[in-house]
Amino acid sequence: AQSVTQPDIHITVSEGASLELRCNYSYGATPYLFWYVQSPGQGLQLLLKYFSGDTLVQGIKGFEAEFKRSQSSFNLRKPSVHWSDAAEYFCAVGAHTSGTYKYIFGTGTRLKVLA
Amino acid sequence: DTEVTQTPKHLVMGMTNKKSLKCEQHMGHRAMYWYKQKAKKPPELMFVYSYEKLSINESVPSRFSPECPNSSLLNLHLHALQPEDSALYLCASSQVARSEAFFGQGTRLTVV
Numbered sequence: 001a002q003s004v005t006q007p008d009i010h011i012t013v014s015e016g017a018s019l020e021l022r023c024n025y026s027y028g029a030t031p032y033l034f035w036y037v038q039s040p041g042q043g044l045q046l047l048l049k050y051f052s053g054d055t056l057v058q059g060i061k062g063f064e065a066e067f068k069r070s071q072s073s074f075n076l077r078k079p080s081v082h083w084s085d086a087a088e089y090f091c092a093v094g095a096h097t098s099g100t101y102k103y104i105f106g107t108g109t110r111l112k113v114l115a
Numbered sequence: 116d117t118e119v120t121q122t123p124k125h126l127v128m129g130m131t132n133k134k135s136l137k138c139e140q141h142m143g144h145r146a147m148y149w150y151k152q153k154a155k156k157p158p159e160l161m162f163v164y165s166y167e168k169l170s171i172n173e174s175v176p177s178r179f180s181p182e183c184p185n186s187s188l189l190n191l192h193l194h195a196l197q198p199e200d201s202a203l204y205l206c207a208s209s210q211v212a213r214s215e216a217f218f219g220q221g222t223r224l225t226v227v
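Residue numbers (this note's numbering), protein chains in the order written: chain A, 1 to 115; chain B, 116 to 227.
To be clear, the hints were calculated from the coordinates, so they are not data collected in a lab.
Even glycine gets a Cβ: it sits at the ideal position worked out from N, Cα and C.
Accuracy of the hints is not assured; some may be wrong.
Claimed, not checked - Below, a sample of chain A positions facing chain B; criterion: calculated Cβ distance under 7 Å: (1) A86; (2) F90; (3) T100; (4) K102; (5) F105.
What the hints assert, rightly or not - The calculated BS3-like cross-link candidates involving lysine-lysine, where the alpha carbons are at most 25 Å apart (straight line), are: (6) A/K112 to B/K153; (7) B/K168 to B/K137; (8) A/K68 to A/K49; (9) B/K153 to B/K137; (10) A/K49 to A/K61; (11) B/K134 to B/K124; (12) B/K133 to B/K168; (13) B/K151 to B/K133; (14) B/K124 to B/K156; (15) B/K124 to B/K155; (16) B/K168 to B/K151; (17) A/K49 to B/K134; (18) A/K112 to A/K61; (19) B/K134 to B/K168; (20) B/K156 to A/K49; (21) B/K168 to B/K156; (22) B/K133 to A/K61; (23) B/K133 to B/K153; (24) A/K61 to B/K137; (25) B/K155 to A/K112; (26) B/K153 to B/K124; (27) B/K155 to A/K49; (28) B/K134 to B/K153; (29) B/K156 to A/K112.
Please put together the full structure from these sequences, using the hints given.
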């Protein structure tokens, strides 16, 4: 069965510090992987996506993620965090099932940024 | 235009009311989704429409009734809801495969 695990429920970093959010997936075929960000009471905004090719993908707002097939991981990174990055981050996998495509989300990581 | 528009943004309804949530996209996407999200939880898939046909129903209670009148519109009809159905309801759309999902801002539903 397809699944996504985000081991860290909460992460706190100081503004200007680097950030890494972890994501591990379970999927039998080539995974399509995504990172979304959600501010309180809002919808989900796509940060970046991986379908194939270069395993290091760049996204919006200075985020990047690296796909490591051997570790079944797709970790999100940012070299210098801004206070406005405080939000909930969801890793997701796109999965084919019953002839349809759906998105399976991890449990999320809540990021707090200290001034 | 990469926008998914959901209306209303907020809805308060009684347990005997009937109401509908609406979702619209003009990106030519042929897959549309309803997700339910409780506070501090990830979105949970409810329904998937593919080419205007219901393709996935994740065992959602019949008090939630989806409808896809055309390729741009997705509705969620609500009837006899319970207080525990209070949540943020998110609509999304995508190409049918190998694509990211675009999400609306959600409808905050409160059942009283």
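Review point. Does B/K124 lie within 25 Å of B/K153 when you go C-alpha to C-alpha?
Key: holds (16 Å)
Practice item. Would you mind confirming whether the straight-line C-alpha gap from B/K155 to A/K49 stays at or under 25 Å? Key: holds (23 Å)
Review point. Is the interface hint for A/K102 satisfied, with its Cβ closer than 7 Å to some Cβ of chain B?
Key: This hint holds: A/K102 lies near chain B, its Cβ roughly 6 Å from the closest one there, short of 7 Å.
Exercise for review: For the pair supplied as a hint, B/K168 and B/K137, confirm whether the alpha-carbon distance does not exceed 25 Å.
Suggested key: holds (17 Å)
Practice item. Compare the distance between the alpha carbons of B/K134 and B/K153 with 25 Å, and conclude whether the hinted pair is satisfied. Key: Cα-Cα ~19 Å, so holds.
Review point. Do the alpha carbons of B/K133 and A/K61 lie within 25 Å of each other, as the hint requires?
Key: violated (41 Å)
Check your understanding: Is the Cα-Cα distance between B/K124 and B/K156 25 Å or less?
Key -> Cα-Cα ~19 Å, so holds.
**Study point:** Proposed proximity, B/K137 with A/K61 (alpha carbon, max 25 Å)
**Key:** violated (30 Å)
Check your understanding: If you draw a straight line from the CA of B/K168 to the CA of B/K151, is it 25 Å or shorter?
Key -> The hint holds at about 20 Å.
Review point. Should the interface hint for A/F90 be scored as holding, given a Cβ-Cβ cut-off of 7 Å against chain B?
Key: holds (6 Å)
Check your understanding: Taking 7 Å as the limit, does the beta-carbon of A/F105 come near enough to a beta-carbon in chain B?
Key -> With a minimum Cβ separation of about 4 Å from chain B (threshold 7 Å), the hint on A/F105 holds.
Check your understanding: When you check the alpha-carbon spacing of A/K112 and B/K153, does it fall within 25 Å?
Key -> Judged against 25 Å, a Cα distance of about 20 Å means the pair holds.
Hints 1, 17, 21, 22 and 24, counting from the list given before, are not met by this structure.
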